[in-house]
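Participant: So the chains spell out like this:
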Amino acid sequence: MATIAQPQQDAIPTYDEVTRDIAATLGKPKPGYFVLLGIVLVVLLIGAIALMYQVRYGLGVAGYRPPVLWGVYITTFVFWVGIAHSGTLISAILYLFRSAWRTSVYRTAEAMTVFAVMTAGLFPLIHVGRIWYAYWLFPYPNQRQLWVNFKSPLVWDVFAVSTYFTVSTCFLIVGLIPDVAAIRDLATGWRKKLYKLAALSWRGTDQQWRHYTRAYLYLAALATPLVLSVHSVVSWDFAMSIVPGWHATIFAPYFVAGAIYSGVAMVVTLLVPLRKVFNMERYITVRHFENLAKLLLLTGLIVGYAYGVEYFIAWYSGNPFERASFWNRAFGEYWWATWTMILCNGVLPLFLFFKKIRTSIPALFVLSLFVNLGMWFERFVIIVVSLSFEYEPYAMGHYTPSWVEFAILAGSFAWFFMWFLLFAKNFPTVSITEVKEIIPMPRKRRLHE
Amino acid sequence: MDPAGPEPPVAHKGIMTRHAILLAGSLATVSVLAFVIATASGKAQGTPQATTAADTAFEAPEITDTASLEGPRQPIFFRHDVHAGQYLIDCQYCHVNTEVSPKPGIPTVSSCMNCHLVAGTGIAEVDSLRAYDRDGREIEWVEVHDLAQFVHFPHEVHVNAEEEFELVCEDCHGQVDRMAQIYQFGALKMGWCLDCHKEKSEQFDTVVSTDCSVCHY
Amino acid sequence: MNRRRFLKVLGVTGGGGATALSGCSTDNVEKLIPYLVPPENEIPGLATWYASTCRECPAGCGFHVRVREGRAVKVEGNPNSPINQGKLCSRGQAATQGLYNPDRVRAPLSRGDNGFFEPITWDAALARITERLNAVSGDRVWFVTGNEAGAFDSLVSEWLAALGANPSIVYEPFGYEAMRHANRVVFGSDSIPAYDFAAAQYVLSFGADFMDTWLSPVEQTRQFSEGHSYDSGRMGRYVHVEPRMSMTAMSADEWIAPNPGTEGALALGVAHVIVRDRLASVPSDVSRIQTLLDRNDPASVSGVTGVSVATIERLAHEFTAHSSLAVAGGVGAQHDQAHASVAAANILNYVAGNVGNTVTFGADINPSGESSYASVASLVDDMAAGRVAVLFVHGADPAYATPANLGFAAAMRAVEFKVSFSRFLDDTAMEADLVLPDHDPLEQWNDFEPRAGVYTLQQPVMQPVFDTRQTGDVLLALAAQLGGSVAATFTAASYKDYLQARWQRLQRDRRPFDVFWTEALQRGGMWTEPGERAVRLAAGAATVAEGTWPQPSGEQLTLIAYPSPALYDGRGANRPWLQELPDPVTKLTWNSWLEINPVTAERLGIADGEMIEVSSAHRTVTVSAHLYPGIKEDVVAIPMGQGHRWFGRYAGARGVNVLDLLAAEPTEFGGMGHFTAVTLRNTKDYEPAATPAGRSRQMGRGIAQATTLAALAHPEEQHEEEHSEHAAPVPEHIEEVLDEWQEAQYREWKQRGNYAAEDLPRWAMAIDLSKCTGCSACVTACYAENNIPTVGEKLMRRERGMAWLRIERYFEGGGDEPLEVRVLPMMCQHCGNAPCEPVCPVFAAYHTPDGLNAQVYNRCVGTRYCSNNCPYKVRYFNWWDHSNENDAAFSFPDPLHWLLNPDVTVRSKGVMEKCTFCVQRIRGKQNELKLSGESLQDGDVVPACQQTCPANAIVFGDLNDPDSRVRAMATDSERGYHVLGSLNTRPAVTYLKKVTNSAD
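Residue numbers (the numbering used here), protein chains in the order written: chain Y, 1 to 449; chain C, 1 to 217; chain F, 1 to 1000.
Honestly, the hints are just simulated from the structure, not real lab data. Since this is a predicted model, take the numbers as computed values, not measurements. Yeah, the Cβ is synthetic: ideal placement off N, Cα and C, and Gly gets one too. Be aware that one or more of the hints could be misleading.
Said to hold, decoys possible - To list a few chain Y residues with every Cβ distance to chain C over 10 angstroms, as calculated:
#, residue
1, V158
2, T166
3, A252
4, V277
5, E290
6, G304
7, A337
8, V347
9, F365
10, T433
11, K436
As the list claims (entries may be wrong) - In silico DSS-like pairs for lysine-lysine, Cα to Cα no more than 25 angstroms straight-line:
#, chain 1, residue 1, chain 2, residue 2
12, Y, K356, Y, K294
13, F, K930, C, K198
14, Y, K276, Y, K30
15, C, K200, F, K750
16, F, K684, F, K794
17, Y, K294, Y, K355
18, Y, K276, Y, K436
19, F, K750, Y, K151
20, Y, K30, Y, K193
21, Y, K425, Y, K193
22, F, K750, C, K198
23, F, K925, C, K200
24, Y, K192, Y, K30
25, F, K925, C, K198
26, Y, K30, Y, K425
27, Y, K425, Y, K436
28, Y, K28, Y, K196
29, Y, K425, Y, K28
30, Y, K276, Y, K28
31, Y, K436, Y, K192
32, C, K200, F, K930
All chains should be modelled from the sequences, with the hints used to inform the complete structure.
Facilitator: Printed below as a string of structure tokens:
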């Protein structure tokens, strides 16, 4: 088992090497880091201004054109929720399955999950017409004696996303404890205070270890069903409606697969540069990437299959509205979006059948970017294209996003990367503890020789 | 509000109660909070003590410090406690349209002058009233009971519900005949309306509508 | 009461008007302003109704004006009026937007030395006119008015006569010169007879758009739907002959497109066949025109018109088989040969024996007549030659409504002193030296005589909004100032006195005058039945129809300038409601367009929305192309109504004025020729059309369904059901589940609210598509009733219009098979199993106990899920804050917000809204009944759309009431259907299939 994720055979790091190497990533940032951070903050600012503009003058500033009343915002919401998923998958499910190769990548994935949910959570707010009343979507006792409509998938969303955020955040924080403790002992100044706090006065006693592993196990068990449930609920936003192209039973599994697919892609997108910058080649090896690639391939095939099923059912159902809707997807005004999606999500991942591609990090990086693009377009196609071509021919219309929507979309990426950059420089992006766990004991090592 | 769990909403009672039960536990704490809020906001809505025979001999007090009075200051210091309390003038003598119109409105200057052509000479406020009448200026009363424009309150229906539901002016407007200056007595909040509608429903074992679109359209 | 005062009085409502816009906060301090003295019969919070007359066009329909807190908020048809019988068209509904138009002239203006207008006092203004009139001799004074038959007309004539001035020129851009000319020659009477569309089972129209603008559209629509619509196995047949399919023609069972300008020949051809085959008992004196008829045998007529001989023969037989009516007019009566067309139609009616039956002289339309376009043309010559010293203009805008080549505006500049009485700064007023704004028709005393024997009254329903003065009073004041003989002619102190004096002469009975007067005021006027006049064929009949029919003009296309159904001759262009009303035919808004047949467009390489340079012999205009299958291939058309140079923010510099393309010379019959030859050049610039219409084909989805009379007559033989693929039968068990579910709902509702009824009502609507003409009056009525904001052209391009009720227009056939147009009013279907309700997270969209699908604006958060899930797409989102005066999208510039209905919430930004079935009227009625203790009767609640529908196509009521009309229609197994019923939405709106009476 240990061999799966064994760092390059030649140089198996010792325990203190591990601590040193990983702690080194928290050292003084190079100027490049600040440049990057600066760019991110500027983009974020632009997004924020666009949002304020929209709140002041109303959603008219966005490109909405009836009958398309959900556009880029909901698309991006689903996109980010999807991204979140692989994190939990890698950290929780693989943990339960005891697949050791996760150790050096799961921290990154987990962090990504939390930040992705934080990003996703913003979009329902950005999307609603009266953001200042958005809190009405939460069930709370009020003098109006009004309640929320538990029949509405949107309310389910509220619960799904907030639960997901809470659990994944706990998971991340708990997982950090021993590592933070390790760094705490090296750190100085305000950071020391921060780590002290985060480490919850961890001393590494047996008892603490016992509690820690238990807690981590339980949280993993708690998080696992969420991987399936959250995105299923999100998919029901669509499946529960009667919009042709939305109203399909396949949606839950289809969305979950898609979510993990996009999430893994995003993990790759993040890991590749991270590995380079922090020269983690010893810990994040090609084997890791190949495993991720296999996951990518698997989910990619599921997604591709789902596309096929969608079209088949549309035809097989004999429902003229469904048929028309899907015909319109492929050959209507939005054909370009549909084919972009099919190319990026359905065709390109097939290259992963070749070990050459699976093991070539640059290739994987490029591919992961395409998948991210494709998955965004998948949501765009499902949401916008279906809405633009519903039941009433007289009320069909074409929607093109406005600059406000693009600014906010860009802002959301900035928001996500801002958190990730801050995290990467202040917390170990590779788990010190778990990496050590899979390194053979020194004595054993001697015996090996 | 019931501390065990939040009051199920008027709308969709059936579904809601189920959920209320489901959530009662998880929301108990919140509800306690809500209970506090409710009682706090409930301060406004005391029940008026009925006027007994003794009160009929009520004499409006001399007011020296108008600044201390509750409610907004009006262009003319018109005293309901004098008119309605001391002289026992019926509300609808001045507020003529309350029974017929959804918007009761307020008396015209001319109807004030019915009496004040002669009555009240020498009282400063009456003189200023006459001044208004003389120069044909309108009196800009400050609206005390101000409903949002998305609430449609059929005043005439409520006034006419007196027999059917034992509803009297005081229930919403308070003891106007004891107010030197009119202030908002009822909370005029949605929950406040609903409480009464439910109360009356139970009291008279009928359905006083609690449907949203009775008021909101 | 002045304006300041007005806005304050609004405070009494505590909502509506200015305060309505201040939004939803209960914190802002409202002021309550009592009346000083209570105005009689006016109670704050309750509506008062006044009878008056619509002056938006010469039809003279009766009004009832709803007044709240001293301001007119809505107009509705006067049920007592013999003309419109309680119905109104879009233009009538928009009358209040004339009253509250932000671009009204708010005080008298005079042109200063710098050439700009500056305010002037009334006295100074009158003094200037008096001085002028004293200076010049009477014969150099001219007065141009619109059609204002009645007291004002006679006052002007008397006034001019007293001055020794020329008789006034009564100018209507769409006058009836051709008809009068033709009637004179054929029947020896130049009056316009009454046409009875109700009695005619067969209507043959030669270009007469009798439901858009021609004569009395509302009345004729009502009659037509009576006579034509399907009713228990019987219906009329209507054939329309015109190169372009107008809104009226959309209702035709058959549309025949002859060569432009040759309708008359076809009429003669049909007459020929009738006489030849003795199909009707032909009057003996037809011999007078025998030679004429002989020359127009089907063969030669076919050659001229391009209509097959067989068709002509068929028409002749159909025409005589039933009680029939042939009408020629409208656009058909606007080309050079129009008089011939009308004459031919007259002859056709005569030989078929319709004269005296469906065509009766006596109750003549506009008996006092109007001047011809020719007289305007000669006036222009006089003005240009400096023979005119003083020019008065009232109720007409000749500078706009005449061909540019006539040069009316230019000629006006040669006149020393021009006075306009216009309420707006229109193109004519902008040329004037003095603008003395008249009262709005809703602010003035007046009367009108739309037809012989019908005298309608106008009374001021509210205080004047601005510092305006009624022109009648101005003229009287002038007369007094002029003194001498002029002053002597007038005894009346005010125009009201003058009016009453006139009515004293009208009074027939012996009662005291004030009794008669009050009664007339309440009724809205006085109606008498003038005796019928028999007419014979005049000697010269043969001569006039001697039309030299135009030949198809080769490469050149024929342009038709037709009156816009919404803007008429342009006088409606400054009403945002009318600008935003999708044209019933093209569904375009806020602009001009060029209608061109797709085939022609392809030949010329023109795509929809491309800017086309249209050049006639006279001018060139650039306008965007609209591909329209309902127009002949060698014909193009541009609607009139746009292209004002001034006329306020809504009309000014918008679109093109098609009259610019027309010839200035009057036609043979003294009218304006509305046809001209044009050539097109594609500039390749593209401008997206401002239209709410997505696709104009149904894609076989059975939205607007139709059947034929034959099919209904023989249901046993299975006609292949169109859209059968969509009539997917709902499985039994699903029906059961739905029923149970609804039972549960019902029990739950009973707990929530009872609406003064033991059994909760289930409000429902039924719409008879065999009646609906697509006129869109209901749309404007809905705007007026429900405070719907207008969004303007830019937003209409994004389909962001807010109309709760839209008329969907679909094309069927076309190409080789005959083109059929179907219209369908689409509003919230108030589904019993509404998809929008369960998805709303906050119960803003929910079902009321009485079966309404309610939308609680103040609860709406704006997730817009409801609209996504609405298969009918009838929910409209407030993208902007149309009610905030600080926003660009503000829709109610002062004083336009005065017409906001205080009973309806003004929606703010970010909330969803939709048709409510006029819930405010339902609740109002229910509260009323609570007080009176009575129970609800069928027809007690009438939503705005049903109230105004001229065709009586809409019926509203309680589905649970077994004897309600709506119940009867909803259970019509023969024609009733639900749009997209296979989705199990259980709509409350039932549509009755359109029926076409196709040729047998």
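Participant: If a hint holds in the structure, say so; if it doesn't, say that too.
Facilitator: Checked hints:
With a least CB separation of 13 angstroms from chain C, V158(Y) remains clear of the 10 angstroms interface cut-off, as annotated. The beta carbon of T166(Y) is kept farther than 10 angstroms from every beta carbon of chain C, the shortest such distance being approximately 14 angstroms. For A252(Y), the requirement that its beta carbon stay farther than 10 angstroms from each beta carbon of chain C is met, with the minimum near 23 angstroms. For V277(Y), the shortest C-beta to C-beta distance to chain C comes to about 44 angstroms, beyond the 10 angstroms cut-off, and the non-interface label holds.
The claim that E290(Y) lies off the interface holds: its Cβ sits roughly 45 angstroms from the closest Cβ of chain C, which is beyond the 10 angstroms cut-off. Even its closest Cβ contact with chain C, about 40 angstroms, leaves G304(Y) beyond 10 angstroms, as expected for a residue assigned away from the interface. Residue placement check: A337(Y) keeps its beta carbon more than 10 angstroms from all beta carbons of chain C (closest about 39 angstroms). Non-interface status of V347(Y) relative to chain C is upheld: no Cβ of that chain comes within 10 angstroms, the nearest being about 46 angstroms off.
With a minimum CB-CB distance of about 45 angstroms to chain C, F365(Y) clears the 10 angstroms threshold, and the non-interface call stands. For T433(Y), the requirement that its beta carbon stay farther than 10 angstroms from each beta carbon of chain C is met, with the minimum near 34 angstroms. The claim that K436(Y) lies off the interface holds: its Cβ sits roughly 40 angstroms from the closest Cβ of chain C, which is beyond the 10 angstroms cut-off. A hinted pair counts as satisfied when its Cα atoms are at most 25 angstroms apart, and K356(Y) with K294(Y) qualifies at roughly 12 angstroms.
As the CA atoms of K930(F) and K198(C) are separated by approximately 19 angstroms, the hinted pair is consistent with the 25 angstroms bound. Taken as a hint, the K276(Y) and K30(Y) pair is honoured in the structure, with Cα atoms around 14 angstroms apart against an allowance of 25 angstroms. A distance of roughly 16 angstroms separates the Cα atoms of K200(C) and K750(F); the hinted pair therefore holds under the 25 angstroms criterion. For the hint pairing K684(F) with K794(F), the CA-to-CA distance comes to about 21 angstroms; that is within 25 angstroms, so the pair holds.
Pair hint K294(Y) plus K355(Y) holds up; C-alpha atoms about 10 angstroms apart against a cutoff of 25 angstroms. In summary, the hint linking K276(Y) to K436(Y) is supported, as the alpha carbons are separated by about 21 angstroms, within the 25 angstroms threshold. A hinted pair counts as satisfied when its Cα atoms are at most 25 angstroms apart, and K750(F) with K151(Y) qualifies at roughly 21 angstroms. About 23 angstroms separates the Cα atoms of K30(Y) and K193(Y), which keeps this hinted pair within 25 angstroms; it holds.
With a C-alpha separation of about 16 angstroms, the suggested pair K425(Y) and K193(Y) falls inside the 25 angstroms cut-off, and the hint holds. With a C-alpha separation of about 14 angstroms, the suggested pair K750(F) and K198(C) falls inside the 25 angstroms cut-off, and the hint holds. Between the alpha carbons of K925(F) and K200(C) the distance comes to roughly 23 angstroms, so the proposed pair stays at or under 25 angstroms and holds. Note on K192(Y) and K30(Y): the hinted pairing holds, with a Cα-Cα distance of about 21 angstroms set against a maximum of 25 angstroms.
In summary, the hint linking K925(F) to K198(C) is supported, as the alpha carbons are separated by about 23 angstroms, within the 25 angstroms threshold. The hinted pair formed by K30(Y) and K425(Y) meets the criterion: a straight-line CA distance of about 11 angstroms does not exceed 25 angstroms. With a C-alpha separation of about 21 angstroms, the suggested pair K425(Y) and K436(Y) falls inside the 25 angstroms cut-off, and the hint holds. Restraint check for K28(Y) and K196(Y): the C-alpha separation of about 20 angstroms stays at or below 25 angstroms, so the hint holds.
For the suggested pair K425(Y) and K28(Y), the alpha carbons sit about 9 angstroms apart, so the restraint of at most 25 angstroms is met. This hinted pair checks out: K276(Y) and K28(Y) have alpha carbons roughly 17 angstroms apart, not beyond 25 angstroms. Between the alpha carbons of K436(Y) and K192(Y) the distance comes to roughly 23 angstroms, so the proposed pair stays at or under 25 angstroms and holds. The suggested pairing of K200(C) with K930(F) holds, with an alpha-carbon distance near 17 angstroms, which does not exceed 25 angstroms.
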